[in-house]
Amino acid sequence: MTATEASTGVDLVSITIDGKTVQVPKGELLIKAAQEHGTYIPRFCWHERMKPVGMCRMCLVEIEGVRGLPPACTTPVADGMVVNTLSDAVKSVQDGVLEFLLINHPLDCPVCDRGGECPLQDTTLAFGPGESRFTEEKRHWEKPIAISDLVLLDRERCIQCARCTRFADEIAGDPLITFNERSGHTEIATFPDEPFSSYFSGNTVQICPVGALTAKPYRFRARPWDLTAVETSCTTCSMHCRAALESSSNRLVRLLGIDSEPVNHGWLCDKGRFGHDAINQEDRVRHPMVRRNGELVACSWPEALDAAADGLRNALAKGGASSVALLGGARGTNEDAYVWARFAKGVLRTDNVDAQFGDGLPAAVALGLPHALISDLDDARAIVVLGVDLKEEVPVLYLRARRAAAELGVPLIEITSAATGLTKYAVASLRHAPGEQNDTAAALVSAIGGTAAGDDAIDAAAGALSGRSGQVVVIVGRANLAEHADATVGAVAKLAEIDHAGFLVALRRSNVRGALDLGLAPGFLPGRVSLEAGRDWFEELWGAVPSEPGLDALGILEAAADQRIGALILLGADPLGDCPDADLATRGLAGAGFTIAVDTFITPSNRAADVFLPVTAWGEQDGTVTNLEGRVQRVTRKVTPEGTAMPDWRIAAELALRLREDFDLATAEEVQDEIARVAPAFAGVDAALLRRARDGAVLPIAEHADELVLGRLSIPITAASWEPIAPGADLEAGGEDGAAEAVVTAGESEPAGSEGAPIAAGDATSEAAGNEVAPVVAGPELPALHTWDGHAPTPSRPGRDAYALRLVSSRVLYDGGVMAQATPAFASLVRPVELRLNAADRDRIGVSDGDRVRIASARGQLDLVVRADTGVTAGTAVLAWNLPGAGAGSLIDASAPVTDLRVESIR
Amino acid sequence: MNASGPGHFNAANLVRAHEIVAQYPKPKSAILPLAHLAQDQDGWLSPDAMREIAQLVGETPAEVLGTCSFYTMFKRTPCGKYVVSVCTNVTCLILGGPEILEHLEERYADDGDVHVEEVECLAACDNAPSMQVNYEFHEHLNPEVAAAIVDDYKSGVLTARGVSGGRTR
Amino acid sequence: MTATETRLVTARLRERPEDSWTMDGALASGAYESLKQALGMAPESIGKEQVAASGLRGRGGAGFPAATKWSFLAPDSFPRYLVVNADEGEPSTFKDRMLIELDPHALVEGIAIAAFAVSCHLAFIYLRGEFALGYERLTDAIRDAKAKGFLGANIQGSGFDLEIVVHRGAGAYICGEESALIESLEGERGMPRIKPPFPAVAGLYAKPTVVNNVETLATLPHIIAMGGERYAELGVNKSTGTRIFSLSGHVKRPGNYEVELGITFRDLIFSPELGGGTPSGRPVKFFIPGGASSQWLTGSDEHLDAPLDMDFVQQTFGVMLGSGAVMVYDDTVNPALIAWRLAKFFAHESCGKCTPCREGAGWIEKVLYRISHGEGRPNDLDLLFSVGNSISPGVLNAPFTQTTICPLGPSAVSGVASLHKYFREEVIAMCSNGPRAIPVTAGAMQ
Ligand SMILES: Cc1cc2nc3c(=O)[nH]c(=O)nc-3n(C[C@H](O)[C@H](O)[C@H](O)COP(=O)(O)O)c2cc1C
Ligand code: SF4
Ligand code: FES
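Here the protein sequences line up with chains A, B and C, keeping their order. With my numbering applied, the first sequence corresponds to residues 1 to 907, in that order. With my numbering applied, the second sequence corresponds to residues 1 to 169, in that order. With my numbering applied, the third sequence corresponds to residues 1 to 446, in that order.
Treat each hint with caution, since some may be false.
[Stated by the list, open to error] Calculated cross-link-like contacts (lysine-lysine; reagent style BS3-like; alpha-carbon spacing at most 30 angstroms): (1) Lys75(B) x Lys366(C); (2) Lys28(B) x Lys207(C); (3) Lys143(A) x Lys366(C); (4) Lys51(A) x Lys195(C); (5) Lys28(B) x Lys424(A); (6) Lys154(B) x Lys81(B); (7) Lys91(A) x Lys195(C); (8) Lys207(C) x Lys51(A); (9) Lys424(A) x Lys207(C); (10) Lys28(B) x Lys146(C).
[What the hints assert, rightly or not] Chain C is nowhere near these chain B residues, computed Cβ spacing over 10 angstroms in every case: (11) Pro78; (12) Asp110; (13) Asp113.
[Unchecked claim] Estimated spans, in silico, between C-beta atoms of each pair: (14) Gly227(C) x Pro129(A): 56 to 64 angstroms; (15) Thr21(A) x Phe78(C): 41 to 49 angstroms; (16) Phe78(C) x His500(A): 30 to 38 angstroms.
Quick caveat, the hints were computed from the structure, so don't treat them as lab data. Glycine is no exception: its CB is placed at the ideal position from the N, C-alpha and C atoms.
Kindly produce the complete structure, drawing on both the sequences and the hints.
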C-alpha cells in the first residue's frame, strides 16, 4: 500500500504492534501491516503478490486473546488487535523454525549464487539460533538438476516454501512444477519430459528465498557484493516492466523485477529478464563505418557524420524532401524519437517517416483511440482481446489480463483466429477467419444492442459484456501479419461503439508508442498531433514542417523499389524481419539510394548501408520510454558502452548541425524539457517531473493526475531480490542525473495538479517542473490532441476457395528478432518451424503429423512440416511469424486483404 | 472430453473413467479414483496413465504427479503382481511384524511377481500381526503362515478382489 | 472389574455375524426404521433437538459436539456437503473398519439422517484406500439402499434426495484430518488448510461442509430411535453415550468393545468380558489411551482408575481419548522402542507443509532410533525434549501451543513427552549404558 491509498478513503483500524499503536487498512494481513510501519516479521513462504499459505511457520506472533501462536501472514488485522513480535515465546519459535530449516540444509553458501543476498542467511543472522544441534545424517539429493532450459534446481537447498509452485500456478498459469512425494522427502519436481517451460520461469529464481533455484544465464557470473543496480524499465516489449538492472565490472549481469503497482507487480518475462545478454555480444558494432570500394570500413565519427550528411544533402538536392525517408525509431527512447522526428520533419522536411513496417496499426488509429490503463483491467466490466496473443507478444500484460480473468472475476472475451494463451480463461472465444474480425465484432456489438446473433458464443460474450458496470477494456494488437490491417481497423471501429470502451493498443515493439507519440509516423508531429493540426505550432517552434503528408513504411518501400527514394535512414530498423511482405522489403532496400544505418548490430536489413552509425543500447543510455498505455518512465544507463557508440538522438542533432541547424540539446534531460514544452501530449512531463514520478507519468498528465506519485519510497528491505522490490528501493544512484537522488520516505507523496490546458499542467506540478519550462504565452494556438474519427476503410471481402487454407501468421515470444537471436540462452527455446492445421484439414490433405507439405500463396512457396493443433480453426493454417528459417514473409502480399494457401503433400 | 490422447485406458476403463469424472462437481476430484483405476489396470501408475488422467480432468501432468506422489498406495515404478503389505506399527511391532517383513523380503527378494513392502497400521491390530496381499487382509500371522499365504496367491488358490474394476493383469 | 459391553452401534454386527452387512440382515434387525422416523421430522429439529440433547461428541478424535458443528454451517449457502471421515489411519484404531465391513447399512442410514438434517444432497465417504473389502461392502450397501428407496431421489416418498459417492484414499494418514481430507477429495495433495475458514463455512469446493466420523454417524440411528435425551442418560458428564474402544497390545482379548463412557481404563483392560488383563500376567507398564497421537499413561492406579471421560483425562493428565484406541504394554516392553516406531510413523505421514513437523518429526525419529537401538547419547533425551518444544511449546503442560497448522506435528512429540514424564531414568540409563542389544519383540502371544 502506498501512502496515497491511505489518504484516499480506505477503512482504517487501529492495532498495536510491540507497544506502538498504528492505523492500518482494515482486513490487511498482519505481516504486511506491520511491515508498512517498520516492523519486519521474518517470513519465507509469504509473498505479497500471492495468496498466503502459512506453511514455513517463520512469522508466528503472539496476539492478545488469541490462543497459540498465529502466523502473521494469514491473519488479517482487526481493530484493537495487540500484537507481540518480540516475546520470548516468539523468539524461541523463530529459533526453532530456523534450526529446523537448517538441519537438512547443505550449508554450501560459499559456492551458492544466493550467498551474500540470501534470505535464509540474513534471517538466520537476525532471528536464528547460534548453532545447530543436529548431528544426524542429512538428506541428500542429486544437485543441481535442470527443470527447464533456463532454471536449475538444487533440492538440498530447497526449504519447501512453495513460492515457485504457487507462482507457476497462481500467477503464470503454468502449473508445471509441483511438490512431489511428501513429508521429509518432499521435493520440487516437473513431470518426466515436461520441463518448466514457462515464459515466466525466471521469476521463480527471483522469489526463491534460498539458492535452490538458479538461473542458468546468471550462475556463477557474479557475487552479490560486486553488483550495483539502477532502476530502469525493460524495453523488450511495449509493457515496460520496472526492473533493477545490475552490473558487475561494467557488464550487465542481471535484471530483477521491481514491483510497480500500475505496471508489472514485480514480474518479468524470461525474454526481458535474460535478453539483456544481447548487448554483451561480441558482434556489437562499436565504431562508425563508411562504405569504401564496396566495403564498410571503420572511420572516425566526423567522417561518418559528414558522409551521412552529404548523402542526405545530395538526395534533397536531387529529389527534394519527398525523396528522403526514415524507417524505424521504435527501439530507442522518447528522446531519440523526438530529436529524429525534429530532424526528419523540421530539417529534412520529409514526412516519409514511419516507426512501424506495415506490421502494426495506422498511427491515426493507434494514437487516436480512447485509451485505457493497464490497471483498468483489474476492475473492468469486461476485457475484450482483439486478435493479439498477449502471452506471445506482451507477456506481462498477459499475466495482468489472466489475473483479472482468473482471480478477479472479470469476464474476458477474445476475438481471434486461433486459440491463444488466454483462451482457457475466456468466457467466450469468438473465432473468425482471417480478414473477417470486423464481421464478428459487428455481430457482437449488435448482440449487445439486443439483436441476438443466434451464435451461442457471441450471445454469451454479449451477455458477459452487459453483466457488470464499468469500463470495457479492449486490447487490440496486430495479430495476423498475413491479413491486411484494415480488417482489424474495421473491428476496432465497431468495438469503439460499445459504451465506455477504452483501448489498450498492444503493439509489441519496445517503444513504438513513444515513437508514434513523438511524430515518427506519416501525418503526425510530436505530441500526438496531426501534421495539419500542428503545422502552425511547429513551424513557429522549428521553423519548418513537411509541406504534405508522406508515405508510410509500405509506401516508402514501394517508392524505394521504384528508385524514388534517394536517401533512406534505417533507425534500428529491420524491415526484412519485420515487414510482412518480404518481397517488398527486399526490393525496397535494394532500390533505396544512399542508406544510413543507425544501429547496434549489422543485420541483413542494414548490411548494404553506405554509412553505419553505431548507437548505445538499452542499459547504456539514460532517457524515457512510453509504454503501451501511454506511461512515460525512465530508462537508466548502467554501463559504459565499449567503443564510441552514441545515443541515437545525439546523432540526429549532429546531422542537423551539419545541415546548418543547431538544436542546442546537450543532455537527455534537455531533450525531455524541450519535449515537455513543444509536444502537446507531453505538456508538463519535463525532466524534473520525471525524476520524481515514482511510477512515471501517463500522458497527458492533465487527464491522469491521479497516476502521478511524486517522491520515492524508501522501505527498510535490503535483501535484494526475493521480496517484492519497491520502486526506488535501495538502488545505486544511476546515470549522470542520479536515479535515486532525493529519497523521500513513504507518505510524502504529492498528487499532481490537474487543472488547465495540457501545457499549463507543467505549472501544476509545483516546483518540480517550475524552473526551465516557459509556458507559452503568445504565438499560435496549442494544437489539439489527435482523436480518431472512427472512420474505417471497408475491408475488401476476399472470395473463398474451398480448397485453400487461409494463413494466420502471428508473432511468438522467442523468434528470429535481433534480440532473441543475439541471446545465447534463448537458442534452445525457439520453437521448430511447423505449419499447424486443424486435424480435419490435415486429414483432408492426406498427411500425418511430421510429414512435409508444400504450401503456395500467390507470392511464393515453402516446404514445411505439418502438425495438427486443436487450437487452429478449420480452414486456416498457422505459421509463426519471423521464426528463423520460417519465411512466412515470402508468402505475404502486404496489399492483399488475406493470404490464401494451397497445401499439398510432398511425402 | 473425447477419447483422444495417450489412449492409455482400455475401452471399458475409459467408459468407467468418464463415469467417475461425472460423479464429481469438479473434475479434478477424480484424480485419485482414476489413478486407482489405472493402477488396477496396469499394476502401477505409469507416466502415460498420469498423462491421460491429466487430460481427463483438465490439469497438467505435473499436477497429477504432484497429487499422486503424495499417496503411498500409488506405485510409480512397475511392481510385482502381488503387493504384500506388512504392518510393523506398534502392535504388530511387539507381536512379530518386523520378523514377518524380514522373512518375506528375503524369501521373495528375487521374485519379480511379489512386491513386499512395509506399511503403517492397517487397522487390524486386534488380530496382529497382520498384512495385506493386494489389499486383502490376513491376520494372526507368523513368518511361515505369511509365506504360505503369499504362495497361495501365486498358485491361484487365493485371489484378491479388484476394487476399482477393470483389472486386466 | 466386571464391566461389560453396552451394545448400540455394535448390536447388529454382534448379533448377526452371518449376514449383518447385507440388506436382508440389516432390515431384519431394524435398519432404516430411524431414517423413516427422521424423514417425518422437521430437518432442523434433528440437530437442534435430538442430537443436541444426546450430547453426542465426534468419535473421530477431537470430540467436538456434533450438533454444534452442524449449527456452524453457513446459513443460506448451498449446495452443502456431508463428508464422512472413513480414513481410519490412527495406529491401533480399527473400529471404523469393523463398522464399514460388518454394518455398512448403519453408516448409510446415519449418513441419510445427517444429510437430511443439514439439507445436503451429495455426500462423500472418504474411505481409507487399503480397505478393499470395506469398499465392496459399502458400495453394495449403497446400491441396495438405493434399490430400496433409502437413497437416491425422493427417499421414501419424502421428497428428499441424496446421492453418496465413495471416494477411496490412497495411503496418507494425514487425510484423516478434515481439511486435508477435503483437499484430497478435491484431487489435491492432502495438506491441511489454514483455518479459518472452517469447513462449515468454506469446505469442499469452498461450500459449507460437515465432516463426521463413521462411528459418529452410525450412532445417529440409535439416537433417533431412543431419543436424544435417553441417549444422554448413558455415559458420564459431557461424555455421553457409548463409545467403541479398539483395545490392542498386551491384553488377552484384543478387540473392539462398545462400552458406556465413564467406566475406567482398568475396567476396559482387565474385565474378563473386555480386555481380560495381560496375557503374560505381568503388570501393565504403560498404555496409550487415545490412539498414537495421544500422550501416554502408566500402569499406576491413578491412571488405571481414571474414567473414560474425555474432559477428565484431558484436564487431569493432558491425554485424550482421541480415536478410542487403547494400546497396552506390559513391563517387557522398551518404551523408547514404541516411541521410536510412532515417531517413524509421524515422520512418514507428515504432509510436509509445516517446517517444524516436516523437519522436526524426522529429527525426532532419527534420535529415537539411535536410543532404542542402543546408540543413545547422554543428553539425547534433553535434546529431544527441546526439539519437541519447538514443535509444541509447553508440551508437558497441556494444553500446549503448537507451531504447526494441524495437530500431527505435536502428535509426533507425544512419545517424547511421555518418555520425559514417565521413563526419564530408564531412557537416560539406556543412553549411558552404551550399545545394547536390540530389544526383543516378545511374541508372547504366539
Ligand atoms: C492427523 C489427524 C488424523 C485424523 N484422522 C482421523 C481419522 O482417521 N478418522 C476420523 O474420523 N477423524 C480423524 N481425525 C479427526 C478429524 O480431523 C475430524 O475431527 C473428524 O473427522 C470429525 O468428525 P467427528 O466430529 O465426527 O469426530 C484426524 C485428525 C488429525 C489431526
Ligand atoms: S503439522 Fe505436519 S501434517 Fe499437519 S499440516 Fe503441518 S506438516 Fe502437515
Ligand atoms: S499395529 Fe499392525 S495392524 Fe495395527
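Quick rundown of the hints versus the structure:
no.: 1; hint: Lys75(B) x Lys366(C); in the structure: 26 angstroms, holds
no.: 2; hint: Lys28(B) x Lys207(C); in the structure: 16 angstroms, holds
no.: 3; hint: Lys143(A) x Lys366(C); in the structure: 24 angstroms, holds
no.: 4; hint: Lys51(A) x Lys195(C); in the structure: 14 angstroms, holds
no.: 5; hint: Lys28(B) x Lys424(A); in the structure: 16 angstroms, holds
no.: 6; hint: Lys154(B) x Lys81(B); in the structure: 9 angstroms, holds
no.: 7; hint: Lys91(A) x Lys195(C); in the structure: 23 angstroms, holds
no.: 8; hint: Lys207(C) x Lys51(A); in the structure: 19 angstroms, holds
no.: 9; hint: Lys424(A) x Lys207(C); in the structure: 24 angstroms, holds
no.: 10; hint: Lys28(B) x Lys146(C); in the structure: 26 angstroms, holds
no.: 11; hint: Pro78; in the structure: 18 angstroms, holds
no.: 12; hint: Asp110; in the structure: 26 angstroms, holds
no.: 13; hint: Asp113; in the structure: 19 angstroms, holds
no.: 14; hint: Gly227(C) x Pro129(A): 56 to 64 angstroms; in the structure: 59 angstroms, holds
no.: 15; hint: Thr21(A) x Phe78(C): 41 to 49 angstroms; in the structure: 43 angstroms, holds
no.: 16; hint: Phe78(C) x His500(A): 30 to 38 angstroms; in the structure: 35 angstroms, holds
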